[in-house]
Each structure stands twice: as structure tokens, then as C-alpha cells.
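Assemble the complex: chain A is given as a structure, and chain B must be docked to it using the hints.
Chains as they are written, first to last, in the working numbering: chain A, 3 to 391; chain B, 5 to 315.
Just so you know, the hints here were simulated from the structure itself, not pulled from any lab data.
If you're wondering where the values come from, they're calculated on a predicted model, not measured in any experiment.
The beta-carbon is built from N, C-alpha and C at its ideal position, and this holds for glycine as well.
It cannot be assumed that every hint is accurate.
As the list claims (entries may be wrong) - Derived pair list, reagent style DSS-like, types lysine-lysine, alpha-carbon separation capped at 25 Å:
hint, chain 1, residue 1, chain 2, residue 2
1, A, LYS319, A, LYS118
2, A, LYS156, A, LYS79
3, B, LYS152, A, LYS73
4, A, LYS390, A, LYS380
5, A, LYS118, A, LYS55
6, A, LYS118, B, LYS146
Stated by the list, open to error - Residues from chain A that keep clear of chain B, each with C-beta distances beyond 10 Å, as calculated:
hint, residue
7, ARG231
8, THR236
9, GLY253
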Amino acid sequence: MKANCWMGTRHVEVTDVPDPTILNPRDAIVRITNTAICGSDLHLYNGWIPTMKRGDVLGHEFMGEVVETGKGVTSLKKGDRVVVPFPIACGHCLQCEREMYSLCENTNPNAWMAEKLWGYSPCGIFGYSHMLGGYPGGQAEYARVPFADVGPIKIPEELSDEQVLFLSDIFPTGYMAADMCGIQPGDVVAVFGCGPVGQMAIKSAYLLGADRVIAIDRFDYRMRIARERAGAETLDYEDVDVPEVLREMTGGRGPDHCIDAVGLEGHAPGLHGAYDTVKTSMMLETDRPPALRQAIMACRSGGTVSVAGVYGGFIDKFPIGAIVNRSLTIRSGQCHVQRYMRPLLQRIQNGEIDPSFIITHRLPLDRAAEGFDLFMNKEDECLKVVLKT
Amino acid sequence: MHPQSARDLPPDSLARALGWFSVALGAAELASPRVMSRLIGAPSDPKTLALIRAMGTREIGHGIAILTRPDNAAPVWSRVAGDAADVAFLGTAYATAYANRRRLLAATAAVIGVTVLDVICAQRLGASSTSGAVSPDGRVVKAVTINKPVEQVYGFWRQLENLPRFMRYVDSVEQLSEGRSRWRAQGPGGVTVEWEAETVAQRENELIAWRSLTGSRIHTSSTVQFRPAPGARGTEVHVELDFRPPAGALGRTVAWLSGRDPSHQLNEDLRRLKQLLETGEIAVSEGEGLWRPGRPTGDPERVRTLAGVQP
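Only chain A is shown next, with the shape it has when bound in the complex (with noise of 0.2 Å):
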């Protein structure tokens, strides 16, 4: 089958591998036939995630039809229409019966990588590190779904693809952002970042029932999209002071919920920015956090802050003092999919929410690379990128 490969930094290659097969009794196989690259594949793409080996199939945006199961699968058969979450939950332990799907004790055959790292381990994820279990990901013709009977959901059949394809991440992943702020009726919530994940929680944060959504971002076309499309009101971050405008905007209290989807790779202007350029190109920290930086600092005193970007290892200057003297709650994790899945199925049935606004770009599996180049650099317009095969 054709796959699509990490091969270094910044170089994605599609090339023919074996086909997956079944590995225990609970895998299935998925054909697959929409899957789309995550701005966190950037984070893969550009060299930030350590455990990534050459040869790696990257992807965990994917959903397709059921070809295979394993015996051990009795809730789906051959020819069911399925999304598949991007992190792999048994279903079974004790993060799984909280629902912290993501937290998942048993899916993670490098968990001791991970630990190494972070303390504990993780869930597995589809396509992403060594360290994350190195299962093969989802940008490919098929994949080996682990714990079948626990993650895919079957989708019906009056729902086009497209509509339902983020429920494999970004749209949980944005809606997670949204909910773990509590939002009350009459909050205002400011979004940093107007990339996937972004949109989706500016359109979580109103569905949850948020007064005024205010998004974040340096390049116009995503912030139309934001005002257009998501609803929200827009800040540009090179033209204006972030936290003096939230501030003004918002009576001299701040936001009361600040939502970081940006992660790792962020910017600022000037000094600032420069800052943890330096800093991370002398390996003196691992991430850049300045937007997470600027969510803390802006945020309504007794307010939370919500991080649904990804950050991998150790940052700099971190606002420690404004957390603890104005009483914020830092909120995050990687999303808990498996628990939103169903709800947000039914929200898209309702009517409530269109996922697919956000797609700018549909290439063939055989042009990833050109989609990653697009995505990365932002090049006509792209805001998502989805592979056909």
C-alpha cells in the first residue's frame, strides 16, 4: 500500500509499504478513505518531537471502512463506515473508566520512553513518535486499528465524509478546549490561534454557551474565516498590544477564559519572540511558548486557561506568580476523543455544527508532501489540508 513516511526534518515522502495485518485479537482493519495532516504533524514535520525514526508513517486523522477485524472485535464488522479517535484507549483501566481516554495505562509499548520524559506515560497515538507507542499512522491506504472495539465510532449514513472526518481529533480537540473552561452564560473567551484547532474552539466556546468569542492570529485569512465563518471578533497580533486590547475590550477585567491553540511553535513580535528563538535554538528550551505566556498574563483574574496546543518537553519564564496570585486554573491534555465522539456526532446530525468550513485544500495521498509544504507555510490560503485515496 502507499504510505505517507517521515523521512527527516522536513522532508515526507509517500512510498509503497506492506500492507498492515492483525496483531491481536482486538485490531481491526481500516481501508482508508479521508485523512487529513493535523497541525501538530507539523510539530513532527519541522523536528520537535524527539523518537521520530525515519521510515515512520505519520497520520492520525483518518477514517475509512472496516476490511478486517480481529476475533476479539464483536461491535464492528467488514464494510461499517467508521472515524477512528487519534489516541488508542483500551478501554478497560482506570484512566479509560474515567474517561480519561487519553491518560489510557495500556496502549503504549514505549511507555518507558515517554516516562523518561514526563513522569508517566500517556496513551499510544497513530503516527506520532517512538516514544507515543510507533504505531504506524493513519496517512496511508489502511491502518491497524488497536483496540478496535473500544475507539472507531460508526457514522451514519446520511453524513458525508467530510463532515464527520474531525471527529478523529481537531473538532474533540477544540471542543475539549472549550469545556474544560467552564464557560458560563455572558463569558467572553479569547482563542490564540486561528489554525483547526482554533476554529473549532471558537465555534465549541459558543455552542457551550460563551457571550463573545475574541480570536488571535497574524494572518488575514484566517482570521476572516474566524469572523466569517466561526463568529469570532479578531485581533492581530503583529498590529496590536494583545493583552492592553483584551483588556480595553473587555471592561479593564480580562477575558475570563483564555484558550492557548497554538502549542509549541508559537510567535511574537520583537523582542520577545526572539527570545525563545534564541533560547530554543541553544537547546536552553525545548518549546515556544510565548502564546501561552500572553494567555496567562491576559486572563480575567479567577479565570481559566485552557491549553489544547501541543507542548513536548521544558519552557522559559513561565508566569508561575500570575497563576498563583490572581487564582487562574491551568486546564489541558491531549483530547479525551472517545468521550466526545458520540455528543459531537450528534451535534453535527442537529445541524448545530459543519466541521468541514475549514477545509481550504483536498489533494491525493501521493501529493502529502505538497500538502504538508502548503499547510507549513501557509501558501494560498491553506488552513486544512485533507488526503484522499
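Below, chain B without anything else, positioned relative to chain A:
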């Protein structure tokens, strides 16, 4: 120096001597790699010279490490590893066209002689010190919480035949009569080791303890305790393992170098036990470890074998 006289020296004096030897040899390799290459009979092409300089840097590293902690076995074991690299280098040089084979043989003999000294020194230091990759008494303590009732976890473990299903390097355990069992496991490098053990304590849903019989090549004893986890969250399994591989400190170092450090391995085995009891299978991926890419291989049997998982 003859090994017989080395035995008479206090181990830390021997270590200091080896340390200074490393520094001197390293300095010579760094300063005049061409002279060194001629002396050992290796060719003098730029690649070999660069390699000799690199070996010099490494050698000085060994020296400094030993001289800063002359009572510690670990840096001396690092010299043993360095010796092995040197022998490998000499072997490769032997196959090249421009080699002086007589000189190469002499150099190899010299390195092997020094290796003997290094091993003696490291073993004597190991016997008298408490530091190193693995504590010298080989005792490891690990715990895991399994989301199943204590009766089930204890019941599974008590059937010793089940142990190879989650203990990666244990091939079989056979229950013999009167609390005795025969164990077969893979040592480093694929060597099969066998020993007999006897159960020395067993309390229903609480504890199992066993130890190897005297006369076995492997000296091992373990105690496994089963406790209900607080808040009815399943069962805590606490394992205390005392493992003495053949060849003492050398065996432990080989185990450590080959990624078979008992502390790491016990942790991994307990994780696999948890997976097996909670999910009915052991999680497997093609990209397990860091040595092969996460991509399908077309050979599921091999993937399972590499992961040590029974189908």
C-alpha cells in the same frame, strides 16, 4: 605487568594506574595518530587517522572518569567496553590491503592483555563498592496497580506456567512436585539459562515467595505481594526481586549494556502483566523501541516475536 602481580595491588591503585595509562595512550593517539597507526600496523589513510584521534579522545575520557572516582567500578567497566571497540577496530584494520598483519596481531595481543587487567580491576572494585549501573546486591523493587480483584491477580500469578506470558525473557516455567519449579529464560545474547526454584512462602491472595535452589547457576529470589488498592481500585502488585546473573558484576554489566537491566525489565514485565489482565492482550506496535520504523512489515509473526508476545 603480570596479572598475578596486579592481584596483589589494592584495586584503587590499579584503577589509578589504568587511568593514567588511558590518559597517556589517549594523548599519544591525539597528538600523533600517524606514529600510532604505524606502531600498530594499521594503514595511515585520513579516515583511519581520524578514527585513531577519536579513540584518543575516548581514551582520555576513560582516564578522567577513572581518576576522578578510582574506587568506582563503572568507569573501569567503560574501559572494558573501550577495549572491545579497540579489538573490533584492529580486526577491521586486519582486513585492509595496507595493513602490517604482524604488528596488528601484536597490538591485538596487547589490548587483550590490558582487557584482562581491566576486568580484574573492575571486578575487585565491584566487590568492594556499592555504586554502578545496578546495585551490586541485585535487589530491585517495583509495583503496579491492576484494575482487577486481588483473587484474580493472585490466581493468575500462582499458576507459574502463566509467567512467560508476560515475562519477556522467561521462556517457560514448569511446576514440579513439592513446591519446586524449573525455569528456562533467555540470557543476554540469546543464551538459554535454566534453574530450579522452590516456593518458600505462599499466602492465599497475599504473597508468593520463591528462591533458586542451591547449586543453580542463577541465584535469584523474589517476593510478590498482592494488596487491595485503596478505594477499590483493583490490586497493587509489589515485587521484590534479587537477581544474581552468572559472572557477577560482569554479568550485570552485560545485562545492563544489552538493555536487560533487571530494574527496567521488571517494570516492563509488570506493565505487560497489567495489559494482559486488564485488556486480554499485550499492546504491540511495529515501531516498538527505537530501532525500526513504525510501519507495517508484512510479517506479523516477526513483529510478535520481537515484542515477545505469544499469539
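Tested hints:
no., hint, result
1, A/LYS319 to A/LYS118, "23 Å, holds"
2, A/LYS156 to A/LYS79, "10 Å, holds"
3, B/LYS152 to A/LYS73, "23 Å, holds"
4, A/LYS390 to A/LYS380, "20 Å, holds"
5, A/LYS118 to A/LYS55, "18 Å, holds"
6, A/LYS118 to B/LYS146, "16 Å, holds"
7, ARG231, "35 Å, holds"
8, THR236, "39 Å, holds"
9, GLY253, "45 Å, holds"
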